[in-house]
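Novice: Here is what each chain is made of, one letter per residue.
There are 2 protein chains.
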Amino acid sequence: MTRSLAATPTTTATDHSLQARRLGVHTQDQAIVFMRTDCHVCRSEGLSARSQVSVRSDDQEIVATLYQISTDVVQLNEVGLSEAAWHRLQVTDGDRLTVRHADPVESLAEMRRRIYGHRLDDGSLRSIVSDIVAGRYSDVHLSAFVTACAALPLDHNETIALTRVMFEVGERLSWPGSLIVDKHSVGGLPGNRTTPIVVAIVAAHGLTMPKTSSRAITSPAGTADAMETLAPVDLDLAAIRRVVERESGCIVWGGSVRLSPADDVLIRVERALDLDSEGQLIASVLSKKIAAGSTHVVLDLPVGPTAKIRSADTAATLSQRLVDVAGAFGLQVRVVQSDGSQPVGQGIGPALEARDVLAVLQDCPGAPADLRDRACTLAGALLELGGDVLSGTGRSLAGQILADGRAWRKFQNICEAQGGMRIPAEAAHQHPLLVARSGRIVRIDNRKLAKLAKLAGAPDSKAAGVHMECKLGHQVQAGQPFCVVHAETRGELEYALDYAAAHLDIFEVSADE
Amino acid sequence: MTRSLAATPTTTATDHSLQARRLGVHTQDQAIVFMRTDCHVCRSEGLSARSQVSVRSDDQEIVATLYQISTDVVQLNEVGLSEAAWHRLQVTDGDRLTVRHADPVESLAEMRRRIYGHRLDDGSLRSIVSDIVAGRYSDVHLSAFVTACAALPLDHNETIALTRVMFEVGERLSWPGSLIVDKHSVGGLPGNRTTPIVVAIVAAHGLTMPKTSSRAITSPAGTADAMETLAPVDLDLAAIRRVVERESGCIVWGGSVRLSPADDVLIRVERALDLDSEGQLIASVLSKKIAAGSTHVVLDLPVGPTAKIRSADTAATLSQRLVDVAGAFGLQVRVVQSDGSQPVGQGIGPALEARDVLAVLQDCPGAPADLRDRACTLAGALLELGGDVLSGTGRSLAGQILADGRAWRKFQNICEAQGGMRIPAEAAHQHPLLVARSGRIVRIDNRKLAKLAKLAGAPDSKAAGVHMECKLGHQVQAGQPFCVVHAETRGELEYALDYAAAHLDIFEVSADE
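If you're matching them up, the sequences are chains C and W in order.
Counting the first sequence from 1 gives a position; the working numbering is that position plus 3.
Counting the second sequence from 1 gives a position; the working numbering is that position plus 3.
In case anyone wonders, no lab produced these hints; they're calculated from the structure.
All values derive from a computational prediction rather than experimental measurement.
Backbone N, C-alpha and C define an ideal beta-carbon position, used for all residues, glycine too.
Among these hints, one or two may not hold up.
To be verified - Between beta-carbon pairs, the in silico distance windows are:
1. C:Gln-78 with W:Gln-78: 14 to 22 angstroms
2. W:Ser-181 with C:Asp-158: 50 to 58 angstroms
3. W:Glu-248 with C:His-121: 46 to 54 angstroms
4. C:Arg-99 with W:Ser-177: 52 to 60 angstroms
5. C:Gly-97 with W:Gln-78: 19 to 27 angstroms
6. C:Asp-158 with W:Pro-368: 54 to 62 angstroms
7. W:Gly-330 with C:Val-326: 52 to 60 angstroms
8. W:Pro-308 with C:Asp-125: 28 to 36 angstroms
9. W:Ser-177 with C:Asp-158: 46 to 54 angstroms
10. W:Ala-439 with C:Arg-99: 36 to 44 angstroms
Claimed, not checked - Only part of the chain W face toward chain C is listed, based on derived beta-carbon distances under 10 angstroms:
11. Leu-50
12. Arg-103
13. Gly-296
14. Thr-298
15. Thr-320
16. Arg-493
17. Tyr-498
Please model the entire structure based on the sequences and the hints provided.
Specialist: And the structure:
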């Protein structure tokens, strides 16, 4: 009844070779392959739709999700590749690829234990993060990991371990000189675009600040998104090094140098879930700072009822955890709490925020005072932490560097060094949200405002977002605009306005007395 | 600086119409649409890769994931559809479809609250489950929901609410007569395929048992998978009704009548995560029983160190919760705990298990005694719960109905009524796992055995799986087989054997004395 095979089979017994074909399918970072249901590989390997498969070229191997095709969109001897798969495999049309079942992902057992409340040690986290970076986790797995770390927050040891593992799996930068400064704002506050200003001030003073920024997670714009409307930010490591050697500073996108490649994957999932857990936040921030070679870092924590950090208590706990975890890696950190009760500046969205930045740097009369103040506070803290400026005098020194034009010149030089300065685009479609009833503005819902800007197309549509026409405490008249919605397409504008019509509590106005 | 649009825009202002094209892309249940990056809809709507979009035909609307294409795999005026999207929209090639941004999924806020430990009430769960059934949750969202309910288990109220909501969003069956019996085994035990036998016995006795079964979640075979090798199981409601009216019983796949459509979606994600949380398990089991119109249900809980339920304590808690939640819906439940320390019968995998079932029904001399005993115990409990059989006599009555051939005749009649009896396939590739050292078998790892059968191709490859050649306590000689791995393809066989070679502890043998 049972038959033995003559010889022990080996995994090379079958020819799994197919010809690579670029299908031009854009899936963000998702590696997908398309194969005919009836091709010899699907049949011999027993592959089914949505299997995880290993795809191997001569010198690369990736894990991809298989979709099967029963029409001649791909041929029997072909494997179609999404753009993400194509670029990771580094192939050309017609190259031979072998496809087989992906190996079982052993670290998923660790992830399941974590869901059920068991803590992870260095080894477990290393295997999970390595598998994530290798593309072995599907969206279902990534989301489970992110959710588990939000439901039962990472403890101190796990946070240190995750931080370490996250920078270990990426590249690590080193710079000439032993003092490298950096800053980071913990998001949640629309328009809080101080970084380009801070870099310009600090670099103008001579400190080295090679700033790598992220794109938006759940916000309408990250620093990299806003900066990209002013200059190229997608620089490779050699280019970044040249910019920093020449200008002492840069403002580039961190993802292009894979400083913390796991974070880039996790960020997409956190964004889809609109989740940001404290431990992952700390590991995300600090792993990038350590990988970027920073030694002295100022962290900005905006606190407000609708900011990411909602109370002084939460801010105090987070500050302490940031300082503690940083200390485990010899990183000097100073945390600055700031007002997070309303947006900063006027613009929300990449190009709109970039214009506020330009206005402050150029010292225009109408430049947003709050953005200028915040930038000076943070730059001042860095000048003091950097060591050669007396405690208590950093802030006014920063203001001086702005006022005398040194920061603006430095910023222009940095933009030139990064590939040339650009003028931020203006949106084709603009529509005001009008005050219905006169009174005083007593509350602004940052989260709904961010959502409004995102529905208008930010950050993917660079010119999209919201331009604020009021601040907390202002007296406003019926018919006057609260803000103006900017969109690149009519569809997106309509979409944002539908949301605004359904959420009239974005701005709260108290009755006139 | 700000411009107002002349009129308030409406969402019908732009023509978002494209021609439907069936691409024949198989993605399991995932609705995907493919559109050119440069088509007028992507441009005017501001759609980007992996956006969630709403796709509307004349009378259907679905939510789908957008992949963009920059080659002529689809034309500028076309929208390519995956098979899942195609079937849900019920269109034909060339039909006009409109595509726009999907509406924001409001229930995601509830899901996020749940991740952070807030309990869900009826209304919140209803909106989440409705959105899931409508296809508005991506894999990332589904996984977060499943993970949150595993990390912080559903409490009593949530479990009742989830049970209610899950049957409310599906179809609900009603049958002639007020007494409808049913059974369910809480999985985790390979080969535990009692259901077809129990239905045959109970229906032969005259009770009404319209059995709707599921496909495998994390196991190598569900009852529906095994039964499908013996008769069609994918019947619509009218067909099921005809079978039950004629034969008092059926064994069909529950998913085809959408008794609990949310469960079908969640099961795929639980399977990918290899997670099964207690509250979801209860809601999954009971919502299907209630939707199926059952009034009296026997539940089989196998308990063993590597079964789904590992201790008598866990079994007792789960039993109590099942009875309590069932009671809230007026459902009478009797829980039977059984031995879960090793596989039942000899076969593991759809066709192999089906053969064990046939052997028991035909009362063959070599039929697996353990499978027969379990089936009689459960059928006996149902005969007693059904009311006309004295307590304590059900089991022997069940044995009598098997022995005198009534159950076998009934089973053949049910198969005929479901569309005709089939002969289970035999696998082309079979390879034994041999005992290395003589001794006594002291432990069998159900989980690794299930994994071995899955790697061999079960349940998608019907003939694949494992055929057991030993039981706990048996004396085995070196060179004798523990079991035989069955696979339909050489690739799958190799894959399973690689796993077996790396996990020599599937069977534990004590040294000879």
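Novice: Would you mind marking each hint as holding or not holding in the structure?
Specialist: Here is what the structure says about each hint:
no.	hint	in the structure
1	C:Gln-78 with W:Gln-78: 14 to 22 angstroms	19 angstroms, holds
2	W:Ser-181 with C:Asp-158: 50 to 58 angstroms	55 angstroms, holds
3	W:Glu-248 with C:His-121: 46 to 54 angstroms	52 angstroms, holds
4	C:Arg-99 with W:Ser-177: 52 to 60 angstroms	59 angstroms, holds
5	C:Gly-97 with W:Gln-78: 19 to 27 angstroms	24 angstroms, holds
6	C:Asp-158 with W:Pro-368: 54 to 62 angstroms	60 angstroms, holds
7	W:Gly-330 with C:Val-326: 52 to 60 angstroms	54 angstroms, holds
8	W:Pro-308 with C:Asp-125: 28 to 36 angstroms	29 angstroms, holds
9	W:Ser-177 with C:Asp-158: 46 to 54 angstroms	52 angstroms, holds
10	W:Ala-439 with C:Arg-99: 36 to 44 angstroms	39 angstroms, holds
11	Leu-50	8 angstroms, holds
12	Arg-103	7 angstroms, holds
13	Gly-296	33 angstroms, violated
14	Thr-298	35 angstroms, violated
15	Thr-320	16 angstroms, violated
16	Arg-493	6 angstroms, holds
17	Tyr-498	6 angstroms, holds
In the structure shown, a violation is registered for the earlier hints numbered 13, 14, 15, in ascending order.
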